[in-house]
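Dock chain Y against the given chain Z, drawing on the hints supplied.
First to last, the protein sequences are chains Z and Y. Those letters in the first sequence? Residues 1 to 467, per our numbering, in order. Those letters in the second sequence? Residues 1 to 486, per our numbering, in order.
Hints should not be assumed to be uniformly reliable.
[To be verified] Result set (BS3-like, lysine-lysine): computed pairs, CA atoms no more than 27 Å apart in a straight line:
{"no.": "1", "chain 1": "Z", "residue 1": "Lys262", "chain 2": "Y", "residue 2": "Lys214"}
{"no.": "2", "chain 1": "Z", "residue 1": "Lys448", "chain 2": "Z", "residue 2": "Lys286"}
{"no.": "3", "chain 1": "Y", "residue 1": "Lys191", "chain 2": "Z", "residue 2": "Lys262"}
{"no.": "4", "chain 1": "Y", "residue 1": "Lys427", "chain 2": "Y", "residue 2": "Lys402"}
[Unchecked claim] One side of the interface only, derived from the structure: several residues of chain Z facing chain Y at Cβ under 10 Å:
{"no.": "5", "residue": "Asp43"}
{"no.": "6", "residue": "Gly59"}
{"no.": "7", "residue": "Pro65"}
{"no.": "8", "residue": "Asp76"}
{"no.": "9", "residue": "Leu78"}
{"no.": "10", "residue": "Lys204"}
{"no.": "11", "residue": "Pro376"}
Calculated directly from the structure, the hints in this document are not laboratory data. Idealized CB from N, CA, C, for every residue including glycine.
In case you want the letters, here they are:
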Amino acid sequence: MKGRRATQLGLLLAACVCAAVVAKNTPPGSPPPVSGDLVQFLDGSALHGEVTAMNTNAGVRLQNPEAVQPISFRPDHLDFVRFEKAQALPTSAETGNCHFKFFNGDEVFGALNSLDDKQLGITAWFGSVLKIPRSAVQSITFLSKNYKVVYEGPTDLNGWSVSGQNGTSNWWYRDGAFYGVSGTLGRKLDLTNSCTVEFDLTSKANYQNLMVSLMTDTIDRLDFGNDGYIFTFSQESAQLRRAQRGVSPVDMGTATLPNPDKKERLHITIHANKEDGTITLLSDNKVAKRWKDNNGFAAKGTGILFENIGGGQPVRISNIRVSTWQGRFEPDTNPLVQTNVDSVLFANRDRARGQIASFKDGKINLVTGTNHLNVPMERVRQITFAPSAKSNAGRGPWEVRAYFLRGGMVSFHLANWDKDKVSGESAIFGPLSFQTQTLREMEFNLDKPRGNQALAAVPDEFGGGGE
Amino acid sequence: MNLEVAVSKPILIGTLALALSFGAAAAIVVQGNQRIQIQQNGVLLFTSPTVVNELPDISLPSSVTTDSIQMANGDFLYGKLLNIGANHQIRWQHPDAQQPIEFKTTNITQIDLANARQVDDTNNCRVDLINNDGLRGNLVSCDKDSVVLDTTCAGQLRLSRAMLESLVLTPPAQPAVFSGPTSLEGWTPGKSVAAVVGESGQWTFHNGAFFANKAASIARNVNLPDTAQIEFDLVWKGTLHMAIALYTDSLQPIPLASKETGPDFGGFYSLQVNSSYMDVMPIKKKDPLKSLGAIAVPALMQRNRAHFDLRCSKRDHKLALLINGVLVKEWIDPDGFAGEGTGMRFVNQNAGAVKLSNLHIRPWDGQLEQPSPAQSHRVTDSIRLADGSRVVGTIESISNGKLTIATGSSSQQVNLSQLRQIDFASKDIGANQANSQPVKVLLTSGNIVSGQLQSWTPEAMTLNSPAFGTAKFDPRSVSRLQFSHD
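For reference, chain Z alone in the conformation it holds in the complex:
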């Protein structure tokens, strides 16, 4: 992921120049609309079109509307391919409530079928039944039983309400991201329980220019009279205010966002825990602050709203994922505590260390010295496994990482991609095959660094370093 986000912001800004001439039905300053799959190269260049095949013989074959013939690219300098027509499997196909993380960076959501000292058995949300060497597993997080992804995207502006001053809209969609210069972007969601809102925030502004209204009923303007919580973000800090009908907004305090490298892109996670009356903010998976609302959980609405409050700098919002859950099982609030032994984090936040021997009859068997603890799975929040020897094997250009709608990412050697099926072989999952439509993105050249390209369609003369 990394530097390519900044590259895309650069592409956006470069494309804005064309927009003044080309775009006729888009907001002022927005780039012309694009459609189709996106083939992005490591050097920042990119082409849209329809990907028709991917395999070692054909390369990555793209039908670009400007090209007379389909183009076959070798994958050696590809960054990623983003698919326009990705579709998640029906919700009923989703199984289980576990979030599996692996030492090679892969992540899978699904059901835990079996676990012993050799192997982990799971059924992934994208439909595959997988057997994985235990040594490859980094952690298992048990999500709330009612955990449900209610929005993942963006894939377009459908369902979003866009508004601004004098009826002008300054938010637009392009290539899996929203870009906003001013005005609001809101959406009704079914946020009646506790929820988690995640998104990537990319901005060059060194001042607060993005407001996020959480669990609001007003999606066409920022409304401090709505019962809810409102964040104001810069790339360095976030302020939380409690909004309540008939009462002035209450400043709940400001958190510094962990961003030592002054990155332009941050992954923001907000856990709103209705039961506890807490709001937890994470930046790049590190907790920035946890607020406790001693007056009780104020939010009563069900939607979210973004507003660029101006100043001229655009913001980019991408990888939005909104999930709801019940109970006290906040997903992944705590960073992984990696030690050389296995550990279990309990629902009451106690932790025990030892060796996970097995998972059987709904219980985790943890060996601590001479003791065997059989812990009902309902009491377990997270299992963290001791790391094994790391493989340093280089990965070729056809070693790809597939990103699934509804979450999860799996790396494997791509054998073939066609309109229906993707197949390949993973070092930890073995032979893999899944429906093409479940993929939203495929990343290539996993070992190659992603630089920060220039803010224009020319090579960066400064050697990158923005993200």
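Just chain Y now, with coordinates in the frame of chain Z:
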């Protein structure tokens, strides 16, 4: 293009420009009648009655090593242009494509070519066309219908006089007193006093250019002549905010706020170079700070690189700034010339990255080219001579080193050595036709010619122009092809 012309263009800033590059704490406010206000942190810095909204895009990355092709939707690819055929299909080689790619030109907006900017000092003439095209070359001849120019890019071109706005004869370039940078040697680094503590850095040298990624200062005694032309290229990332000291004797930055309590220094001029405006301040010990007048340049907000050309005259107490060949502003210091040294200092005052290259300093003859009269006022030809005088009439010919101009019932001959500029009478040839050419070609000299592209091969680019008909250009003299799809 001159300032008056530039000012008469519609204001193009707005959300687009703001979105592109505007500084965090700064704001630009458009007033009625094209007035513009620059505000910073809510404080009004100045109101500029004139603005420069358009600048030709003449500067290309000097480090480009591959061609690139750009499409209307923002897509682009690196690679190499192989050819453009008569059917207007573009053959493109991409390093990862298994076969050359053929693109239709329908939605191609631009092709950048890996040909570095080159300045040919052997040309004695610059011709400006009525459609803002321009060419450099050596003047060969002129008759009632045409001017013949010998160019390095396309050989001899016969230019229709109806398409010409002006012809400027440039005196032979003087040897440069400084050309560089070639290394850090001879330069004195300094800490930018504008930097927040801990945020200052140093200029570095790489590949023929200075780079500053943080606030930083670098200075040198470059032996500035009393009348000087100072040219350089700037590329920036983020907000541009530089101070360039001219005719300074101090190689260390001068903190303006505390200049009275700091070490002594001789007077100098501080050119304030920002993303959206330029300003000049004479800086002298014991003199209050003052501005000679700022000028808003919103056109720069749509750029991240520009060619700067400064002209300085001690005798006339004058400084003039041209950006990308456009005269942005002339400053006259009513209190005399403040500069007391012969050095220059480049201070990056921002955390944004800046690249400085192609610094050339030459003696200058002190004469700025005068803008041509507006089209409606060019009812006859006119010439300007070296002594500043102007003759109005009808140019009959240029041959054998002499220009013949008919003035009423008589003719007058002028030695070309005395001639500085010709402003041609405006002809009603249909400006729309002149301006609606489908391809603009940016030459490595910085000039633009437009027309219909007939073909491109590695050996020749064939262009049909309303100004000179069909001509073959050396592809190595071309930096960019811009396609219009109106």
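Here is how each hint holds up against the structure:
In summary, the hint linking lysine 262 of chain Z to lysine 214 of chain Y is supported, as the alpha carbons are separated by about 14 Å, within the 27 Å threshold. A threshold of 27 Å between alpha carbons decides the hint, and for lysine 448 of chain Z with lysine 286 of chain Z the separation of about 25 Å falls inside it, so the pair holds. Of the pairs offered as hints, the one joining lysine 191 of chain Y and lysine 262 of chain Z holds, with about 22 Å between alpha carbons and a cut-off of 27 Å not exceeded. Between lysine 427 of chain Y and lysine 402 of chain Y, the direct Cα distance comes to roughly 24 Å. Compliance with the 27 Å bound is thereby established for this hinted pair.
Annotation: interface hint on aspartate 43 of chain Z holds; nearest CB of chain Y at approximately 6 Å, less than 10 Å. Below 10 Å, beta-carbon pairs count as interface contacts, and glycine 59 of chain Z has one with chain Y at about 6 Å; its hint therefore holds. Residue-level restraint check for proline 65 of chain Z holds (minimum Cβ-Cβ distance to chain Y is 8 Å; threshold 10 Å). Because the closest C-beta pair between aspartate 76 of chain Z and chain Y is about 6 Å apart, less than 10 Å, the hint holds.
At a threshold of 10 Å, the smallest CB-CB gap from leucine 78 of chain Z to chain Y is about 8 Å, leaving the interface hint in force. The interface hint given for lysine 204 of chain Z holds, since its Cβ lies 7 Å from the closest Cβ of chain Y, which is under the 10 Å cut-off. Given the 10 Å rule on beta carbons, the hint for proline 376 of chain Z is violated: about 53 Å separates it from the nearest Cβ of chain Y.
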